[in-house]
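Undergrad: Chain A is fixed; fit chain B onto it per the hints.
Number of protein chains: 2
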Amino acid sequence: MGGDFGPDITVPASLECLQRNPNLKLILVGDETLLKQKIGQKLAAFNGRLTLQHASQTVEMHESPSKALKNKKDSSMRVAINMVRDGLADACVSAGNTGALMATAKFVLKMIPGIDRPAIISTVPSINGHTHVLDLGANVDCTAEHLYQFAVMSNELVKAVENIENPKIGLLNIGEEEVKGNEQVKTAAKLLEASGLNYIGFVEGNSLNAGNVNVDLIVCDGFVGNVALKTMEGCAKMIGTFMKEAFAGSLYGKIAALISYPIIKGFKDRIDPRLYNGASFLGLKGLVIKSHGGADALAFKTAILLAEVEIEKNVLQKISEQVEASLAMSQSA
Amino acid sequence: MGGDFGPDITVPASLECLQRNPNLKLILVGDETLLKQKIGQKLAAFNGRLTLQHASQTVEMHESPSKALKNKKDSSMRVAINMVRDGLADACVSAGNTGALMATAKFVLKMIPGIDRPAIISTVPSINGHTHVLDLGANVDCTAEHLYQFAVMSNELVKAVENIENPKIGLLNIGEEEVKGNEQVKTAAKLLEASGLNYIGFVEGNSLNAGNVNVDLIVCDGFVGNVALKTMEGCAKMIGTFMKEAFAGSLYGKIAALISYPIIKGFKDRIDPRLYNGASFLGLKGLVIKSHGGADALAFKTAILLAEVEIEKNVLQKISEQVEASLAMSQSA
Chain A
1 MGGDFGPDIT VPASLECLQR NPNLKLILVG DETLLKQKIG QKLAAFNGRL
51 TLQHASQTVE MHESPSKALK NKKDSSMRVA INMVRDGLAD ACVSAGNTGA
101 LMATAKFVLK MIPGIDRPAI ISTVPSINGH THVLDLGANV DCTAEHLYQF
151 AVMSNELVKA VENIENPKIG LLNIGEEEVK GNEQVKTAAK LLEASGLNYI
201 GFVEGNSLNA GNVNVDLIVC DGFVGNVALK TMEGCAKMIG TFMKEAFAGS
251 LYGKIAALIS YPIIKGFKDR IDPRLYNGAS FLGLKGLVIK SHGGADALAF
301 KTAILLAEVE IEKNVLQKIS EQVEASLAMS QSA
Chain B
1 MGGDFGPDIT VPASLECLQR NPNLKLILVG DETLLKQKIG QKLAAFNGRL
51 TLQHASQTVE MHESPSKALK NKKDSSMRVA INMVRDGLAD ACVSAGNTGA
101 LMATAKFVLK MIPGIDRPAI ISTVPSINGH THVLDLGANV DCTAEHLYQF
151 AVMSNELVKA VENIENPKIG LLNIGEEEVK GNEQVKTAAK LLEASGLNYI
201 GFVEGNSLNA GNVNVDLIVC DGFVGNVALK TMEGCAKMIG TFMKEAFAGS
251 LYGKIAALIS YPIIKGFKDR IDPRLYNGAS FLGLKGLVIK SHGGADALAF
301 KTAILLAEVE IEKNVLQKIS EQVEASLAMS QSA
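Same order as they appear, the protein sequences are chains A and B. Quick note on numbering: our numbering labels position 112 of the first sequence as 112, and the sequence is numbered without any gaps. Quick note on numbering: our numbering labels position 311 of the second sequence as 311, and the sequence is numbered without any gaps.
Just so you know, the hints here were simulated from the structure itself, not pulled from any lab data. Heads up, a few of these hints could be off.
The list treats identical chains as interchangeable, and a pair is accepted whether it falls inside one copy or across any two copies.
Cut-off 27 Å, straight-line C-alpha distance, at most; resulting in silico cross-link-like pairs (DSSO-like, lysine-lysine) [to be verified]: (1) K180 to K67; (2) K67 to K190; (3) K268 to K237; (4) K313 to K159; (5) K186 to K67; (6) K265 to K110.
Extracted from the complex, chain A is given alone in its bound form (with noise of 0.2 Å):
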């Protein structure tokens, strides 16, 4: 029900990913009159891989998660990261209202245990193909214990999703230097040198998008990965605009806009966001996918397809038992 268009395109998106993998089973949560009437004759067609479970409330996008947490115990997010718990899903997907689902996955779900606190965690494109980065926005004050956590949870996720032995991890500061950045990043490059993580030291910004270094997986606090998020969309939204202003504002522009056309379309697809939605929240008990706000059906269908990956790689349990291990090798330590 969550995100700008809710049903309108949470439904098709359903549809189309259901079409796709025929192993998929998908529960839609929400208002069951209105999910039946975007569905209309489609429901019986999957065999009973779509299915719907009532929820009489809905989370508005700008209440407060406490509110939510109180108020909305029938809401489409609550009963979804229920079923999570309760073993009816596998995870959740919602574009709701990210404080409001962040919250009640914790309530609901509870942390693993070891783990302080969850964190946010996506891809962004890049030269190299695409960085996984966290913490994207959960937590604005994170110690370097948090930063080292966050590493040894996202490892096991990129590992998983990737198929790769030992991703390599960065920590985002504002120099590479050693004598670089806040005590906050100083310690936590220690707690990563010593561990068996393939920490390969301090990158900067440009490294998210375009470094010197390969890397595949940013750690970094959630305030200052929120901000380089957001920085980024800004960026590529005014360079699309500044090259529609410039092809827009001549006839010879606009003959060259018709015949480069293809060629733009192509280099545009690669960073096109609605191929990189799906952030996941990690350190919980249960996989929980938050969709852009403002996805439209394509857009929600790559988190879709997030969880069933991470699903399918098994990812939460590896994470699970790896902080497990961690902690278990910290404390003989």
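TA: Just chain B now, kept in the frame of chain A:
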């Protein structure tokens, strides 16, 4: 002498600036023999507007600030900053080691009374024109009071160089709602609301290049600002690379590129980082402009031009007066 190319770019940039502005006087500080070689016959042509000041040492690009301060007392940057202190120059422009330049400037020039920390400010392109941003990396752990001081100082700079009465000031945060963010920005917001400044509230990372709100000046912690600036660089580089690859990927693309070349050049010029080169150190009792180390002659010219504008607009005096007035106000309050 500093930067990746030293006098190979600083000398040609200086000569062009002297040609453009007949009121400009430049003192080139560095290895006199080398500088004379690079300048050749042109030294006499400017009727004394171009002079040389010998300095026997050079600070290396990766030298530690403390070592440079201790061991390089006759470096080009130290001598140039000394000349600012002694009133022999109105500003120092350098492409050298940022940390060493900042440490030297702070040591030699001292802080404006009432300001705890210097900050680095520069402009970035935006859909609305451009945005001034600080701090870009001088401080990695600012308090709310520091952020407030940055706003007071930079407000004067923006008023002077942009000829506007009340610059719109935003505080960089991870959401626009009051409840969002860390304690540092929440407290800074209260200080700014209580000030006479035209504080418009929290802005997000996308506001740097392409915000929904029109903002002239964005204030943030140096860690966050530096990451954002470099993220922007990386994002622009990625998009440029993808575009090049798309056009170069086929014969059709190559032909389209030829046809679109003047259009693409026009829009690329709007985000050419060389036209945004030059960051001012605020809070010191003297003007110091830092050029990007990798600047070419065009970029270095932009940094010299920024110094010219700040001198002409009397930015330093305006900041000092405003800081004094703000302090008097806060003491009487």
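Undergrad: Are the hints correct? Go through all of them and say.
TA: Structure-based check of all given hints:
1. K180 to K67: between (41 Å within a copy, 15 Å between copies)
2. K67 to K190: between (40 Å within a copy, 25 Å between copies)
3. K268 to K237: both (11 Å within a copy, 14 Å between copies)
4. K313 to K159: The answer is within: 10 Å in one copy meets 27 Å, while 56 Å across copies does not.
5. K186 to K67: between (38 Å within a copy, 21 Å between copies)
6. K265 to K110: neither (43 Å within a copy, 53 Å between copies)
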